[in-house]
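Chains as they are written, first to last, in the working numbering: chain A, 58 to 534; chain B, 58 to 534.
Careful, some of the hints might be misleading.
Chain A is nowhere near these chain B residues, computed Cβ spacing over 12 Å in every case [what the hints assert, rightly or not]:
{"#": "1", "residue": "67"}
{"#": "2", "residue": "117"}
{"#": "3", "residue": "182"}
{"#": "4", "residue": "505"}
Straight-line alpha carbon distances no greater than 25 Å define the calculated BS3-like cross-link-like pairs of lysine-lysine that follow [said to hold, decoys possible]:
{"#": "5", "chain 1": "A", "residue 1": "271", "chain 2": "A", "residue 2": "166"}
{"#": "6", "chain 1": "A", "residue 1": "279", "chain 2": "A", "residue 2": "196"}
{"#": "7", "chain 1": "A", "residue 1": "196", "chain 2": "B", "residue 2": "377"}
{"#": "8", "chain 1": "A", "residue 1": "387", "chain 2": "A", "residue 2": "524"}
{"#": "9", "chain 1": "B", "residue 1": "454", "chain 2": "B", "residue 2": "377"}
{"#": "10", "chain 1": "A", "residue 1": "196", "chain 2": "A", "residue 2": "107"}
{"#": "11", "chain 1": "B", "residue 1": "168", "chain 2": "B", "residue 2": "509"}
{"#": "12", "chain 1": "B", "residue 1": "196", "chain 2": "A", "residue 2": "196"}
{"#": "13", "chain 1": "A", "residue 1": "377", "chain 2": "B", "residue 2": "196"}
The calculated label-pair distances, taken between Cβ atoms and stated as ranges, are [what the hints assert, rightly or not]:
{"#": "14", "chain 1": "A", "residue 1": "495", "chain 2": "B", "residue 2": "285", "range": "55 to 61 Å"}
{"#": "15", "chain 1": "B", "residue 1": "361", "chain 2": "A", "residue 2": "279", "range": "44 to 50 Å"}
{"#": "16", "chain 1": "A", "residue 1": "361", "chain 2": "B", "residue 2": "336", "range": "33 to 39 Å"}
{"#": "17", "chain 1": "A", "residue 1": "58", "chain 2": "B", "residue 2": "143", "range": "38 to 44 Å"}
Because the hints were derived from the structure by calculation, they are not lab data. A virtual CB, placed ideally from N, CA and C, is assigned to each residue, including glycine.
Here are the chains, one letter per residue:
2 protein chains.
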Amino acid sequence: MTYPNWLSQRSHLSGGRMALSFQEQQWTFAEMNEIALEYAGKLTALGVAKESRVAILARSNPEFVFVMYGCMHVGCEMVMLNERLAPPELAYQIEDSEAEFVLVDDELKEKVKDYNPILFSSIREAVPAEFEIQHEWEKGRTISIMYTSGTTGNPKGVRQTAENHFSSAVSSALNIGISPDDVWLCSVPLFHISGFSILMRSLIYGMGVRLYEKFDAERSAKEICSGTVTHMSMVGVMLERILRNVEEASLAASPRFKAILAGGGPIPVAYIKRAEQCGIPVLQTYGMTETSSQTTTLQSADAERKIGSSGKPLFLYQVKIDGTAKAGEKGEILIHGPQVTPGYIGRFSGRKVQEEGWLHTGDVGYLDEEGFLFVVDRRSDLIVSGGENIYPAEIEKVLLAHPAVREAGVCGVPDEEWGEVPVAFVVLNESAEADELLAYCREQIASYKVPKRLSFADALPRNASNKLLRRELKLWN
Amino acid sequence: MTYPNWLSQRSHLSGGRMALSFQEQQWTFAEMNEIALEYAGKLTALGVAKESRVAILARSNPEFVFVMYGCMHVGCEMVMLNERLAPPELAYQIEDSEAEFVLVDDELKEKVKDYNPILFSSIREAVPAEFEIQHEWEKGRTISIMYTSGTTGNPKGVRQTAENHFSSAVSSALNIGISPDDVWLCSVPLFHISGFSILMRSLIYGMGVRLYEKFDAERSAKEICSGTVTHMSMVGVMLERILRNVEEASLAASPRFKAILAGGGPIPVAYIKRAEQCGIPVLQTYGMTETSSQTTTLQSADAERKIGSSGKPLFLYQVKIDGTAKAGEKGEILIHGPQVTPGYIGRFSGRKVQEEGWLHTGDVGYLDEEGFLFVVDRRSDLIVSGGENIYPAEIEKVLLAHPAVREAGVCGVPDEEWGEVPVAFVVLNESAEADELLAYCREQIASYKVPKRLSFADALPRNASNKLLRRELKLWN
């Protein structure tokens with residue numbers, strides 16, 4: 058089973074449409090395809106071939122896209138390196154993936170200098186060689202490999218196939234709709250599935266991508282209000298900053314703007330309501346690298362009724378809770394569908410990723426009577442205290458509901474009496490005392506769940522996709 | 058490889074959305090699913106089981122939909138009988154398909170009385186039995202079987218799988234977009250792929266269907282102008298009647314209205330322009346029963362530049378011309394993609410439908426330099442005259458361009474001197490003489506292509522989907 062080459066087909070079918078825009082420049086699908094073919098030739102000249110495994114390290118800019126699309130034409134497997142990682146972390150991924158080539162944006166070359174990298178400037182200057190274009194793409198072909206941020210242990214390299222990406226794009230379209238004039242604002246990293254999946258949707262839908270090198274709340278707010286973009290992906294913390302910009306300018310989203318997709322944990326209802334006031338529908342999503350982006354989404358309309366939920370699965374997907382039959386019972390979240398990775402590479406290649414077709418996420422959650430998913434916690438963050446299970450997210454949610462709190466993070470610390478106890482770190486919006494916040498918690502959750510200590514911070518540790526890193530919090534104690 | 062049961066999943070994900078509306082009644086997806094489950098139980102009580110082959114004969118009304126959705130829950134294969142056929146034609150299909158059950162709308166029971174049919178009223182009255190719901194549908198599962206209208210020879214029963222229908226729906230969405238509030242007006246027969254594919258899109262997209270028992274130009278025009286519907290499928294001859302209604306009422310399409318999909322041959326540019334004036338984008342399509350609906354479409358914007366073209370393939374599909382490499386060369390049209398039937402049933406089950414993954418359509422056409430498909434003719438209608446190939450559609454197109462001509466049909470008749478010669482039948486808009494029309498032809502096409510005789514008629518012979526039946530024209534001579 059194959060797909061027609063997405064780049065050629067998209068160029069053939071809607072070559073005149075805008076594919077990518079960056080700052081003041083833009084490229085149509087026909088232009089993108091021409092450039093991608095040229096890059097494919099240049100990469101071939103440098104030795105890259107079909108099925109080569111190629112690690113790429115770059116910032117979110119057009120050249121990164123050209124290189125990736127060139128690789129896709131050649132038919133190689135791309136290991137997407139996270140530019141925020143330290144050299145030893147990059148070394149681990151390059152070695153684990155056994156990448157034959159390391160392609161690097163000149164600015165970042167120091168980070169991978171031990172691996173004989175090919176600079177983007179060298180690719181640019183290469184004279185294209187003949188290559189055999191892949192007219193048909195096998196569904197099982199590995200397009201990308203991403204190392205999971207992995208809250209514990211060694212990162213695992215996740216294979217994402219053409220079918221994974223295609224199913225993900227189609228399922229999203231069946232959920233929120235698509236229109237030929239959609240433009241998706243991408244300020245999440247291209248090397249993460251959040252950003253990479255926007256490129257895949259672009260090719261599959263024939264949709265424009267408005268690319269930012271990094272998140273910019275003010276510019277994003279302006280584009281949302283002027284209607285130059287129709288969709289945006291982000292994590293909760295970015296949302297608040299955008300809303301503030303929209304509100305301060307006394308503006309509202311353009312009627313052309315359709316939705317913000319927000320991942321990385323539940324969004325406070327207060328934000329959703331503020332977004333609504335601004336005319337911005339917010340869809341909360343749950344997904345991971347192993348599911349090539351979102352698996353469930355919560356519609357704006359359900360946000361208040363289903364606080365803390367990640368919604369329902371997309372059309373092609375199924376979600377169930379391991380070992381439970383009743384609504385409300387907590388357990389490991391299992392996922393089934395064509396978006397689920399067939400497996401890992403490198404040292405984890407022997408680890409089975411699916412059991413009887415179901416991905417074991419390691420996350421804990423439940424389904425309510427209506428089938429809405431609630432992710433209670435990442436299993437690895439579970440705090441066990443005096444035999445009771447404590448889920449940090451539950452405590453954070455309570456703290457976040459306090460008007461003085463902007464961000465909250467909770468983790469477990471060892472305790473002689475209880476084994477483990479929760480402690481909290483908070484970033485404030487306005488002045489408040491720790492006692493006041495703890496008293497506030499005490500009103501709403503069982504006493505064993507109330508943090509034993511609460512400290513203030515200027516910021517919380519987050520990874521490149523802005524997910525809270527609770528294991529880092531542990532080091533703060 | 059499986060899909061989640063489309064009926065259950067759609068009910069789960071958007072149960073509150075409108076699924077079907079008919080006259081003054083309407084049903085949500087949750088209601089439709091409840092009814093379908095009840096019908097599945099009733100059918101089970103009557104002996105229908107998973108993989109039973111069930112022939113269904115009915116008019117386009119909600120009960121027909123209930124029966125079909127019930128069959129889909131049970132997991133049986135539906136042979137879609139055309140209610141306009143005569144009893145011997147129906148007998149052929151029932152026998153060829155070896156249908157175990159014949160389900161019939163009470164009004165039509167006489168037509169299949171020799172086959173021990175189960176009346177819809179008996180299904181309605183049955184007491185539902187327990188049945189095993191199909192939670193997962195195999196991609197290769199046969200959902201529907203349709204006999205091709207086949208311009209010559211015995212009709213062939215075409216298998217349409219879940220994957221065929223899914224790919225068709227997704228490819229259409231990737232072409233024209235989808236939105237959760239779309240409503241597709243269906244006045245083409247449900248037993249044909251044109252109508253049945255609207256139901257499949259409804260389930261896959263979560264889209265409403267506005268069902269008409271039969272085509273009604275006046276009501277259709279009203280709904281298009283009031284915005285109660287967003288899409289409509291039709292053949293060219295219906296388009297003109299709708300446009301007349303819109304024009305006479307000095308109205309225009311609602312901004313909510315998105316597109317008319319028009320199959321069954323090229324639409325005169327004059328119609329496309331009139332439609333544009335009315336705010337109605339018209340997409341001309343090319344497809345067949347073997348491709349589970351459209352394979353190529355021509356956008357409104359290209360209609361004038363590419364007169365007579367059927368456009369470009371949808372995203373997942375490929376089209377090529379057998380044995381040719383150069384643009385403009387005529388030959389048999391070949392189609393590749395997941396929408397292509399895996400094969401026929403009954404007496405044609407041994408006939409290979411694909412050769413190395415390509416469907417041989419029997420239609421003749423060419424691709425221009427930009428890759429636009431032009432269907433020159435159905436191969437079986439080819440007229441060979443003095444060694445020259447004559448394509449009836451080419452002559453019809455010329456006649457249709459004359460302001461006095463509303464419809465035109467051309468076929469070959471035996472001729473002592475030339476083997477075969479073309480003759481024409483014309484339905485007039487305003488008075489005109491045959492000599493005048495033939496002189497008009499002579500100005501535009503080679504003399505051997507000019508019809509040897511031109512007669513006037515009140516209407517031309519068309520099948521249930523309004524396709525011109527040239528083989529019937531032959532009998533008029």
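Checked hints:
1. Taking the minimum C-beta to C-beta distance to chain A, about 8 Å, the non-interface status of residue 67 (chain B) is violated against the 12 Å cut.
2. No Cβ of chain A approaches the Cβ of residue 117 (chain B) within 12 Å, the least distance being about 25 Å, so the stated non-interface status holds.
3. Even its closest Cβ contact with chain A, about 33 Å, leaves residue 182 (chain B) beyond 12 Å, as expected for a residue assigned away from the interface.
4. At roughly 36 Å from the closest C-beta of chain A, the C-beta of residue 505 (chain B) stays outside 12 Å, upholding its exclusion from the interface.
5. Between the alpha carbons of residue 271 (chain A) and residue 166 (chain A) the distance comes to roughly 19 Å, so the proposed pair stays at or under 25 Å and holds.
6. Annotation: proposed proximity of residue 279 (chain A) to residue 196 (chain A) is violated, straight-line Cα distance about 39 Å (limit 25 Å).
7. Straight-line distance between C-alpha atoms of residue 196 (chain A) and residue 377 (chain B) comes to about 22 Å, which keeps the hinted pair within the 25 Å bound.
8. A threshold of 25 Å between alpha carbons decides the hint, and for residue 387 (chain A) with residue 524 (chain A) the separation of about 22 Å falls inside it, so the pair holds.
9. This hinted pair checks out: residue 454 (chain B) and residue 377 (chain B) have alpha carbons roughly 24 Å apart, not beyond 25 Å.
10. Straight-line distance between C-alpha atoms of residue 196 (chain A) and residue 107 (chain A) comes to about 15 Å, which keeps the hinted pair within the 25 Å bound.
11. A threshold of 25 Å between alpha carbons decides the hint, and for residue 168 (chain B) with residue 509 (chain B) the separation of about 40 Å lies outside it, so the pair is violated.
12. In summary, the hint linking residue 196 (chain B) to residue 196 (chain A) is supported, as the alpha carbons are separated by about 15 Å, within the 25 Å threshold.
13. Distance check on the hinted pair: residue 377 (chain A) and residue 196 (chain B) sit about 22 Å apart at the alpha-carbon level, within 25 Å; holds.
14. Between residue 495 (chain A) and residue 285 (chain B) the beta carbon distance is about 57 Å. The supplied range of 55 to 61 Å therefore holds.
15. Taken as a hint, the range 44 to 50 Å is violated for the pair residue 361 (chain B) and residue 279 (chain A), whose Cβ atoms sit roughly 38 Å apart.
16. Between residue 361 (chain A) and residue 336 (chain B), the C-beta spacing of about 38 Å keeps the proposed range 33 to 39 Å intact.
17. For the pair residue 58 (chain A) and residue 143 (chain B), the beta carbons lie near 41 Å from each other, so the given range of 38 to 44 Å is met.
Hints 1, 6, 11, 15 from the list above are not met by this structure, while the remaining hints are.
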